[in-house]
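Asker: Spelled out from the first residue to the last, the chains are:
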Amino acid sequence: MRALEDLVALFARLPGIGKKSAARIAFHLLKADGQYAALLAERIAGLKDRVRFCSQCGAYTEEDPCPVCSSPARDHSLMCVVEQPQDVLTLEASHEYHGLYHVLGALISPLDGIGPDALRLDKLLERVARLGVSEVVLATNPTVEGDTTALYVKKVLEGSGARVTRLATGIPVGGDLEYADRLTLARSFRGRTRL
Amino acid sequence: MAFNRIELRNFRNLEDGAVNTGASSIFLVGENGQGKSNFLDALYTLSYGSSFRGGQDAEAARLGEGSWALEGQSYDPEEGLGGPRAGLFSVRWENGLKTIRENGKAVSDRKRLVENNPSVIFCHDDMEFARGEPERRRFFFDQTAGLVSAGYIDLLRSYRRTLKARNAALKDRMISVLEVLDLQLASYGTALRKERALVVAFFDEIFAPRYEAVSLLGRRIGVQYKPSWKPDEDDDAVVARLAAARERELAMGTTMSGPHRDRYSFVDEHGDFSLRASTGQLRLLALTLRIAQAEHYSAMSGREPVLLLDDVLLELDPDKRRRFMDNLPKGEQSFFTFLPGEPYGDYRAADTLVYWTDHGRFTHT
Numbered sequence: 007m008r009a010l011e012d013l014v015a016l017f018a019r020l021p022g023i024g025k026k027s028a029a030r031i032a033f034h035l036l037k038a039d040g041q042y043a044a045l046l047a048e049r050i051a052g053l054k055d056r057v058r059f060c061s062q063c064g065a066y067t068e069e070d071p072c073p074v075c076s077s078p079a080r081d082h083s084l085m086c087v088v089e090q091p092q093d094v095l096t097l098e099a100s101h102e103y104h105g106l107y108h109v110l111g112a113l114i115s116p117l118d119g120i121g122p123d124a125l126r127l128d129k130l131l132e133r134v135a136r137l138g139v140s141e142v143v144l145a146t147n148p149t150v151e152g153d154t155t156a157l158y159v160k161k162v163l164e165g166s167g168a169r170v171t172r173l174a175t176g177i178p179v180g181g182d183l184e185y186a187d188r189l190t191l192a193r194s195f196r197g198r199t200r201l
Numbered sequence: 020m021a022f023n024r025i026e027l028r029n030f031r032n033l034e035d036g037a038v039n040t041g042a043s044s045i046f047l048v049g050e051n052g053q054g055k056s057n058f059l060d061a062l063y064t065l066s067y068g069s070s071f072r073g074g075q076d077a078e079a080a081r082l083g084e085g086s087w088a089l090e091g092q093s094y095d096p097e098e099g100l101g102g103p104r105a106g107l108f109s110v111r112w113e114n115g116l117k118t119i120r121e122n123g124k125a126v127s128d129r130k131r132l133v134e135n136n137p138s139v140i141f142c143h144d145d146m147e148f149a150r151g152e153p154e155r156r157r158f159f160f161d162q163t164a165g166l167v168s169a170g171y172i173d174l175l176r177s178y179r180r181t182l183k184a185r186n187a188a189l190k191d192r193m194i195s196v197l198e199v200l201d202l203q204l205a206s207y208g209t210a211l212r213k214e215r216a217l218v219v220a221f222f223d224e225i226f227a228p229r230y231e232a233v234s235l236l237g238r239r240i241g242v243q244y245k246p247s248w249k250p251d252e253d254d255d256a257v258v259a260r261l262a263a264a265r266e267r268e269l270a271m272g273t274t275m276s277g278p279h280r281d282r283y284s285f286v287d288e289h290g291d292f293s294l295r296a297s298t299g300q301l302r303l304l305a306l307t308l309r310i311a312q313a314e315h316y317s318a319m320s321g322r323e324p325v326l327l328l329d330d331v332l333l334e335l336d337p338d339k340r341r342r343f344m345d346n347l348p349k350g351e352q353s354f355f356t357f358l359p360g361e362p363y364g365d366y367r368a369a370d371t372l373v374y375w376t377d378h379g380r381f382t383h384t
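Chains as they are written, first to last, in our numbering: chain C, 7 to 201; chain V, 20 to 384.
Rather than coming from a laboratory, the hints here were simulated on the basis of the structure. Note that the Cβ used here is the ideal one computed from N, Cα and C, for glycine as well. Treat each hint with caution, since some may be false.
[Claimed, not checked] Once the Cα atoms are required to be at most 20 angstroms apart in a straight line, the calculated DMTMM-like pairs of lysine to aspartate or glutamate come out as:
hint, chain 1, residue 1, chain 2, residue 2
1, V, K130, C, E11
2, V, K213, V, D144
3, C, K161, V, D255
4, C, K160, V, E198
5, C, K161, V, D161
[To be verified] Take a look, some chain C residues computed to stay more than 10 angstroms from chain V by CB distance:
hint, residue
6, V14
7, A28
8, R58
9, G105
10, G119
11, P122
12, L157
13, G167
14, D182
15, R196
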């Protein structure tokens, strides 16, 4: 059954989907009603046409500028810098942040040949100056590359007048010490702060 | 934790199947090349996720096979097999990929193995620690620190990753990125230097009296840590040092100072002891390092490691053998390998399991 095998092979190329899961999804679609399968196919086909990057912040959007950049209700003096467009969705889901975003698009990684030129840094500087941003929150992941990028962005923003901060890391709020894994505890000790 | 049963498939020259190891000491007796050390390697792999011989995972597959698998049932002897800390650990290598599982669930970091099944190996290659290759000595002390601290392993990994990134940036002449990587390297590196100094200070207190007890040398041999960055250099001083060496490092394409260049030495009042020591004294020094590693682990964690002793008594005269055995720390469980002519009966305890090893097969005697 060529059609089924092709579909399984295509699903198996998706991140986090192995061959078994791919086959399960394909069989599920085969059993599902035709309307559902048609809607899914239409949405997948139209995804690249409908969703693009915001010309300002670089997040995914269906309208340019995106709703966050064009919202007067957002705090335009605050800008959160993230690596990937999907990071914006994660932070937005928390409903705790009301400023603007800026997506870098990559992290500095000399091992992979990625230097600062691959990041949307000129646009960041331009936006910080134009919007009069007073604080830039660096929300790159707490990895070696995330830290390198955060330190680099801090250096680039020197002289911009904006205060540069970094998201805190450590024991999750509300998390009990006894449930924290050893690595989280070790990092929390290393990054302990003065009271 | 101790191992109650080891299951093997396609691992080196060992026969497929399960071996019962539910005892406080297990003796593997056999001629050379029969699989005694390979069995210890299986235990080591279940403890560290890789072979004590180094090399590629593919090399552990039996000739002509494209995969191997190990499974170990471990338990706390005080709690028994039904205890809360009992678990099933497996390491499997297939299609070039290694997977580690704990009670059937995939584990992403092999650090999880050593947290559960810490072991200390005594083997012939330990002579490298005594003879003085700096890289091998750093490996030994990193392993000693990593056995008791997940944070140390994390710090060391972060330092190494930053170092690799910095070396790549030096080669590609990414000058603006280098300024940032200097800050990171200094931060991770000075933290690592502090940890290493603490570990050595404590380790030295364990090692020196033990070495005196087994060698009867009559003078103190201690461990000295010589960091590449001076102990009084703080982060700012290190950043300044790195900036000052920029041109030279750009020309060389590599980072020329830092914890990856730290040195350890064994010293008496006259200086570096390993330069003057006899082969026998170096052999004892290597064995005592492992004794101290096991004691250091017990002192820091409150638990005992599994001891893996590969032909360690072979090169010692009867007096030194006795002193070594007298000073051997208590392990949760101990595995020894012996040649048939050795007096292993002298070391046997009431519950010792003795296996005759022949062509990768273990026969209970």
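Asker: All hints are to be evaluated individually against the structure, with a verdict given for each.
Answerer: Results for each hint:
no.	hint	in the structure
1	V:K130 with C:E11	violated (39 angstroms)
2	V:K213 with V:D144	violated (28 angstroms)
3	C:K161 with V:D255	holds (16 angstroms)
4	C:K160 with V:E198	holds (12 angstroms)
5	C:K161 with V:D161	violated (33 angstroms)
6	V14	holds (19 angstroms)
7	A28	holds (18 angstroms)
8	R58	holds (30 angstroms)
9	G105	holds (25 angstroms)
10	G119	violated (7 angstroms)
11	P122	violated (6 angstroms)
12	L157	violated (4 angstroms)
13	G167	holds (21 angstroms)
14	D182	holds (18 angstroms)
15	R196	violated (7 angstroms)
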